[in-house]
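From first to last, the protein sequence lines are chains A and B.
Here our numbering is used: position 204 in the first sequence is 206, and no number is missing along the way.
Here our numbering is used: position 304 in the second sequence is 306, and no number is missing along the way.
Source of the hints: derived by calculation from the structure; they are not laboratory data.
A couple of the hints might just be wrong.
Since copy identity is lost for identical chains, a pair holds within one copy or between any two.
What the hints assert, rightly or not - Each computed DSS-like pair below joins lysine-lysine, with the alpha-carbon atoms no more than 27 Å apart:
no.: 1; residue 1: Lys128; residue 2: Lys14
no.: 2; residue 1: Lys308; residue 2: Lys372
no.: 3; residue 1: Lys35; residue 2: Lys14
no.: 4; residue 1: Lys357; residue 2: Lys14
Nothing here was measured: the structure is a model prediction, and the numbers come from that model.
Number of protein chains: 2
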Amino acid sequence: MRLSRYFLPVLKETPSEAQIVSHRLMLRAGLIKQASAGIYSWLPFGYKVLRRIEQIVHEEQIRAGHLPMLMPTIQSADLWRESGRYDAYGAEMLRITDRHDRDMLFTPTAEELITDIFRAHVTSYKDLPLTMYQIQWKFRDEIRPRFGVMRGREFYMKDGYNFDLTKEDALHAYNRHLVSYLRTYERMGLQAIPMRADSGPIGGDDTHEFLVLAETGESEVFYDSEITDLRFGDREIDYDDRAQCQGVLEEFTSRYARTDETHDPELFAKIPAERQRVARGIEVGQIFYFGTKYSEPMGAMVDDGKGNRVPVHMGSHGIGVSRLVGAIIEASHDDKGIVWPEGVTPFHVGIVNLKQGDAACDGACEGLYKAFVAKGLEPLYDDREERAGAKFATMDLIGLPWRITVGPRGLGAGVVELTCRRTGASEELSPEAAVARVAGIYAPHM
Amino acid sequence: MRLSRYFLPVLKETPSEAQIVSHRLMLRAGLIKQASAGIYSWLPFGYKVLRRIEQIVHEEQIRAGHLPMLMPTIQSADLWRESGRYDAYGAEMLRITDRHDRDMLFTPTAEELITDIFRAHVTSYKDLPLTMYQIQWKFRDEIRPRFGVMRGREFYMKDGYNFDLTKEDALHAYNRHLVSYLRTYERMGLQAIPMRADSGPIGGDDTHEFLVLAETGESEVFYDSEITDLRFGDREIDYDDRAQCQGVLEEFTSRYARTDETHDPELFAKIPAERQRVARGIEVGQIFYFGTKYSEPMGAMVDDGKGNRVPVHMGSHGIGVSRLVGAIIEASHDDKGIVWPEGVTPFHVGIVNLKQGDAACDGACEGLYKAFVAKGLEPLYDDREERAGAKFATMDLIGLPWRITVGPRGLGAGVVELTCRRTGASEELSPEAAVARVAGIYAPHM
């Protein structure tokens, strides 16, 4: 993309309404624009990040054997009356009356609707196990929406639902989700720690939240510092292997890690003092096992192969896709702006032309541009008639991990400058070598 | 995908509520399930088609230089009061009151919100031309939703908006959209004819609808039969070349082609009688130029470089993404079921194992499966313990363009059977040759 043809409305001033750094940077770097309280438009640059995150979530869910599908945003109140949640949900549910005076709502979550789909079509244990998920817009009418997309009203969420014959099977589905979530967050450059959590309005006994450590997190968290040394890494995983998935669960949840809702000071005190950590975290996902909480009242039953009709065991599993954009920025920024992890960056590399209109500089930039595209990478080329300082400030603000600077002096010596956004370190190398270096850096992410 | 692990709830009986063939087949082949009147869940198989169509729309819009972004589904009524459309829109607008008693609505289209984004950020002709688009869920509270996803209430739409300094520039944007839409529909295996149309509530002078000919179409259409000989084909197009885009417009719109809303019997009578056609069509897209209809009342002005502040010239351009799934089926099916065009098929090839459990058959099917995946193709392998007849009926119903049948007799002679869904023609060839043939067929679509 050439910046002269892009829509990237960066703001020089810090918007006064934004209280946290991710909200400020998302406004300043032209990712979003508020449409109404807690409701945002995703401008082209922000939309690109959202799509990268969505794509990683899809890839990891499909890898885990889960089936993508999609449910509508507007649902009938009838199903929610069946489960008993219509009255229980409270004022956060956006309630709507259609032209025929039917009670509708903008879905905040979809346990009821997916259970209705299941009971209409599945009658036998032979069709189990089954896990389906969607990535769809949700609405929660927060009384005080704040922190930009971190606590907005309309938000993009991955919600998955497993249907299993037994509790044991459902806990394997739970474990598959835990493993796939660890992989998902790591690909985004995040360390998200699974913590024992409270089930809230979804219900259920077993639940973990995934929290990203950040000073601006809404939750207070308590953990054993050993947990931050754990990495999923690039280990092979067979999602059908129960023992292997259970092993990952145990590895990542055996040390103390809880939110304020489930914190147990006595247990915490038993950790060696030098490993006790109190910090703040941002919730970016949650997994639940809730058994037959929905299948029993809604009649989602299957033949168990032994002549009995039994309610299926279920769980639901969410990732806050739009919230993740904010969480990643909270975890990865500096005074100059955003620092995108390679896994989610909207463009892979920025090209800064120090002397627009100079034939050698223009030619070298065009050559780099084409070379990156040929490697399957997306460059953002700042081809505007602007001072070098303004171009650097924009590149720093929008946070592309790698920048190539092309100027007449360097070109005279046959080199361009490759700069790492995170460290600020620069080195001079030939244009060909720069393309090869950047392509090599992104190879694990392609 | 292995069918034993997929969720494909095919129905044996024809659902009584479905009046048209696409609705019947989408229910029978497990693409959708009704959630409420005019509102559908997209089951995994249907969701895959929807994503393929969405992907083609994205690719062709990006090729035309248009920028993807995303606006929220729930919008404030305030902007719609500014344009004067809040009261004018009528009962089809889903009106919502939030917990703070603010008037909100589920967006049926987004001219107001995109104009608001534009006026907040763009002040100079130097930032023009600009075209942004989104693919987002919309809602129109139809009084009698019918025909499944063809006339549902919640629907998925691509809506794009151009901002230009002059009418001439805006008409070039109009032409770019016409060209990109021709390419888009052809890639989906559809012939969609641009027809002079009526502008309706969007407003404006210049507008064309794109109609797919089908007996069940809602619109009566009148056209010169020469128009159905036109193909965009794989010609090269430079979207910056005004004359080239204008040439395509003229080629595709110079012959008579109108809907009942704009039909002119006198003009129609001048076409040679043997070329006059009266038929029915399904609208799958529409492009509009409406000038300053929104920019003037909403104050979307730019400096024109000559010291004047002038309202920008705009247009909006839509493709009915979810409706296209139905339209493609209306245009491409037979008595046995759906016949997917190669460009949108959810799986590229079906593999039918005639003797599940037979080591040679199972091994050959697994080998084919791996070979297709290695070629970047997605096979659907029917590995269920079912009679051959039931497997063939399912494959015919769900409409994958190519099927490979593996049986012990053929394997004994070193061959499998490759069958074309559209023609029913079969031929025997080695597994390796079958993979190469199918990969070759899809090469233009990859």
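For each hint, the structure was consulted:
1. With identical chains, the CA atoms of lysine 128 and lysine 14 are at most 27 Å apart between copies only, with a shortest distance of 19 Å across copies and 60 Å within one.
2. In this assembly of identical chains, the alpha carbons of lysine 308 and lysine 372 never lie at most 27 Å apart, being 64 Å within a copy and 36 Å across copies at closest.
3. Only within a single protomer do lysine 35 and lysine 14 lie at most 27 Å apart by alpha-carbon distance; the minimum there is 15 Å, versus 49 Å between protomers.
4. Within a single copy, lysine 357 and lysine 14 get their C-alpha atoms as close as 23 Å, which meets the 27 Å cut-off; across copies the closest is 69 Å, which misses it.
In this structure, only the earlier hint numbered 2 is contradicted, and the remaining ones agree with it.
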